[in-house]
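Peer 1: Once you have looked at the hints, place chains A and C on chain S.
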Amino acid sequence: MTSLNRQRLILGVVVIITVIFLTPLVWMFITSLRPTQELFSYPMNIIPKELSLENYNYVFIKMTSFFRYFINSLVVTISTVVLVIVSSATGGYAFGVRKFKGQGLLFMGIILVLTVPYIMYLIPIYMMEDWMGLRNSWFGLILPYVALNLPWGLLIMRGAFSTIPDDIRDASIVDGCNEFQLWYRVMLPMTKPSLAATSIITFVFAWQEYLFASTLMSKNKWQTLPVGIVWLRDELQTLVYGRLGAMIVLAVIPVLVIFYVFRNFFIKGLREGMLKG
Amino acid sequence: MSQELKRKLWDKTKLFIFLLPTLVFIFGFIGFPIVFSGYLSFTSFNYAKDALPTFIGLQGYADMILHDSLFHTALLNQIKFAIPYFFITFFASLILAILINELKRWVTLFQTIYYMPMIISMSLVGITFSWIMNPNLGLFNRVLQLVGLGSLTRNWFGDPSTALYGLVIARSWKMMGFTLVVFLGGLASIPGDLREAARIDGANFWQEVVYVILPNLKPYLLIGGIWVLINSFKVFVLPQVVTEGGPGFATLTLYYYSWKLAFERLSMGAASQVAYITAFIILALAAVMNYFLSTSD
Amino acid sequence: MERKSVAIVLVLAITITPLFVLGWQAQAEKNLRVYAPPWIHKKFPLAEVTKDFEENHPNINVNLEKAGKWSAPKYITEWKGGSTSFDVFVGGSGSMLGPVISGNWLEPLGDMLHGTMAKDEFVGGFLAAGHYKKPNGDGTYYPALPFMGEVAIVGVNTEIMKKSGLWEDGKPKPIPSFSNTEAFMNYFEKIKKNAPVGAHIQIWDREFMQYNYAGPILAMTGAFQEENGKGFDITSEAAHKWLGMLQEMNEKGVGEWVTTDAAGYSKWKTGASGSFYAAQGHIMELVSVTEDESDIAYLGWPGSKENGSIIWTHSVWVPKVSSKVQLAKQYIREAIFSAKFQQWSFNNYGKLPVMEAYYGDGITWFQDQMDTILSIANASKPIPLYADIDKYLDIMKKYLVDSAFGRMEVDKALNKIKSETEDLDFNNLRAE
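Chains as they are written, first to last, in our numbering: chain S, 1 to 277; chain A, 1 to 297; chain C, 1 to 432.
Take these hints with a grain of salt, some might be off.
[As the list claims (entries may be wrong)] Simulated crosslink set (SDA-like; lysine to any residue; CA at most 20 Å straight-line):
#	chain 1	residue 1	chain 2	residue 2
1	C	74	S	62
2	S	101	A	11
3	A	6	S	62
4	S	62	C	240
[To be verified] A few chain A residues that don't get close to chain C, going by computed Cβ distances all over 12 Å:
#	residue
5	111
6	280
7	288
[Claimed, not checked] Reference listing, derived: stretches of chain C covered by chain A, where coverage requires no fewer than 3 residues with Cβ under 8 Å from a Cβ of chain A:
#	region
8	74 to 80
9	174 to 188
10	253 to 259
11	388 to 398
12	402 to 411
None of these hints come from the bench; they were simulated from the model.
Backbone N, C-alpha and C fix where the C-beta goes; we use that ideal spot for every residue, glycine too.
One chain only, chain S, in its complex shape:
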């Protein structure tokens, strides 16, 4: 077999698998464009006879709570990203540049966070937030989200800070920088790609989180998209997958766009975090 033919064969196999792989996404998109009548026809036609935007219209006009969910998701996600950036930029510096007692142990502990079931945190957090009145508020989600994302952020940022050569640090100190200036003016700009990676990973996490959102936010008004859409499914109760499809498409688009634009940072961040951890 020539190398070209082999390439073609592999490409063929990969393309076929990829098409099958993409089917669920494509199918939900097509579903969102089909009128309800057609979804109920039995046996079902795979090729749509008729496409319409009626489901999107319905979501835009009738489903006011969908927009509330959207706003909640946006506020929670962006606040989480900002707080994670601040915390991991400072904490990453402390772990990557400074040396202190118990550093290794503390860091190991923080990384262990990622392995255990999150419900171990959720149970006490639920009681804490109940007590503090944080449930059913944006902060009730933002604070635990920051804590859950910080380990990744620290992994990435510690890596970024530790690769900055000592010369630069020494040179800046000779130039009269104090430590905060060194951190903020000199080092932070050098870690921009890692900051970007941290933000995007956090964004993706917070945008899709379900466990905490569904448990801590018991009121409809405070739901984020992943939970709210499930609520709407239960409310519509029957088979309105056209509308659900439209909502899913609308909920996925923002994160898809962000992911696509920043995909290189994202994948780099994941790999770095993984390998160093």
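Peer 2: For chains A and C alone, coordinates are given in the frame of chain S:
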């Protein structure tokens, strides 16, 4: 105070300022909770009924492990879920990564495509799959009918013998992008001349994979493997959204059972026991895997 | 300078956080807070009657909210602390309310049963579902008022019945007696020949499982509980027979059991199922798809005419700790028990009104079937509400569903239920 001491103190203060946000979040929302739920697991605390937790030592664990029949169901389901989930996710992404790596071109494109489900919320993936697997209106059964396999059609999520495996497929579909990305990173780091040399020695593709690619991929296989393993035991969203643990309790997983105990019954003590047992299983398996993959050189 | 400003920013960020939170908490409280699960919002004109209520009482504000997945303990925690996030809860059937009623958390509403809401104005069986023993053992009371009733009933798809030769004199042939197993099976096998599913039993979740199991046993024997009152009948011949039949129907593919609403509806609404055992309201919903009443007809299980069927209700209730009990009662009377609220839901979703007066003018659906439905409703019984209902249903679900789906032998399943439920508290909270 001496100048030296002052300097040291200020140095410590600066370090503390840098660590402050991390410490606040980690201790407030991770450290304290995990210790507290550990304590709760030694109590019979019910948040709705009891004012304060009553310490019962290991009694709660003993009752849970020996007498709780739903715990047994959940544990069994969890194992039945974890095994196929681990193999499908791990090997599907490994094989695909090797194939995609062979292409040289479009690697990033495919990587992006396969990563896409990773960024979609698990609950929305659940809704999507319930639609595709719907017995009468779903795409999957329809395709089976059209290709002449109509006898295989069934209510995938409604049949206790297939529901759990349906969830395995949905979850593997969503999660395999991550390991794919890890493996592709590893494959890219294998020097080309290593493989060249193997080919000159007359190795075919299969031999190349076994003798050159896999050994060099080992650290990545370990990381990917541990990640898949951890996730094969953290199964909550799909059973909750798609099957509600049913039919009967056929898709009740450990994680979901813990959640039900905690937030439907508010039996925080029992829920913490299940959570800690789950965590223990995860860590033990990860340690075993780490031992075998990193010492077999 | 620099170091100071950085420190200040960090400290501020951490201290401001809680302040923000307090700000959000301090929103103005509305006058009356009404909770209802999402499906009630959809299948009842809740927003409309609330608006009417506000218009009639310009100084009152009503805050309508969708309640999340039901969890009695969650609300109980709140009430223990002396507060509540709602004053009126619209919705909730027997097993949901068990812990709330046994804990004595609900305001007695019996004093509302006068005037247009006098006891004899209700459809008898439905009001009984709101009648409970007082937790202190001293008499009975009404902690929750049923506002909607459901009857478990068999619906058939007219078209498919005609094709299967089971249609006679403008109505479906009756289902053969349970005692004649062969004829009974044959009946559904005939339907199966003309439809993907012969018998559909909606649905095998925690709640409906009780009706699915108890309904036919009641029709066969006139009772569905153990003689000593310790749970559902799991020892009689009828119990073995019915569970065995369920298994056989599922095995042969005559019946297909499902566990989610969506899967069940998809069978019924696409016309894939010839018969459908469910709440009569669910059956009527088929018409909202085809818009033709003659597409469905009602049947009972053999024997249900004499022995009755299972009914259940959804109720409206007020937590004791609410500070607006009087206003809540006014809202219940004027909004929830209005003709508009109850009839709209019947006309759109087939949910049965609880007031006899509402079965006349204003009903636009199924006028000719009303007598059949009402007579079944009047002869029917609510299922008991045991003190340990949560644990009991968990165990029932584990073995009953496994057995109905053919994964466990009938005898084994029933024995397991017996041995694992023996120690539970079967005190029936309902007034008998």
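Peer 1: Taking the hints in turn, state whether each one holds.
Peer 2: Hint check:
A C-alpha spacing of about 31 Å is found between residue 74(C) and residue 62(S), which places the hinted pair above 20 Å, so the restraint is violated. A distance of roughly 14 Å separates the Cα atoms of residue 101(S) and residue 11(A); the hinted pair therefore holds under the 20 Å criterion. For the hint pairing residue 6(A) with residue 62(S), the CA-to-CA distance comes to about 65 Å; that exceeds 20 Å, so the pair is violated. For the suggested pair residue 62(S) and residue 240(C), the alpha carbons sit about 50 Å apart, so the restraint of at most 20 Å is broken.
Look at residue 111(A): its CB is around 35 Å from the nearest CB on chain C, clear of 12 Å, so calling it non-interface holds up. Residue 280(A), annotated as away from the interface, keeps every beta carbon of chain C farther than 12 Å; the closest lies near 25 Å. With a minimum CB-CB distance of about 32 Å to chain C, residue 288(A) clears the 12 Å threshold, and the non-interface call stands. Figure legend: the region 74 to 80 of chain C, annotated as covered by chain A; annotation consistent (4 residues with Cβ-Cβ distances under 8 Å, at least 3 required).
For the region 174 to 188 of chain C, the assignment as covered by chain A is violated, since 0 residues bring a beta-carbon within under 8 Å of that chain's beta-carbons and 3 are needed. Check result for the region 253 to 259 of chain C against chain A: holds, 4 residues qualifying (beta carbon to beta carbon below 8 Å, three or more required). Residues of the region 388 to 398 of chain C lying with their CB closer than 8 Å to a CB of chain A number 5, which satisfies the three-residue condition for coverage. Only when three residues or more bring their CB closer than 8 Å to a CB of chain A does the claim for the region 402 to 411 of chain C stand; here the count is 3, and the claim holds.
Against the hints set out earlier in the document, violations occur for numbers 1, 3, 4, 9.
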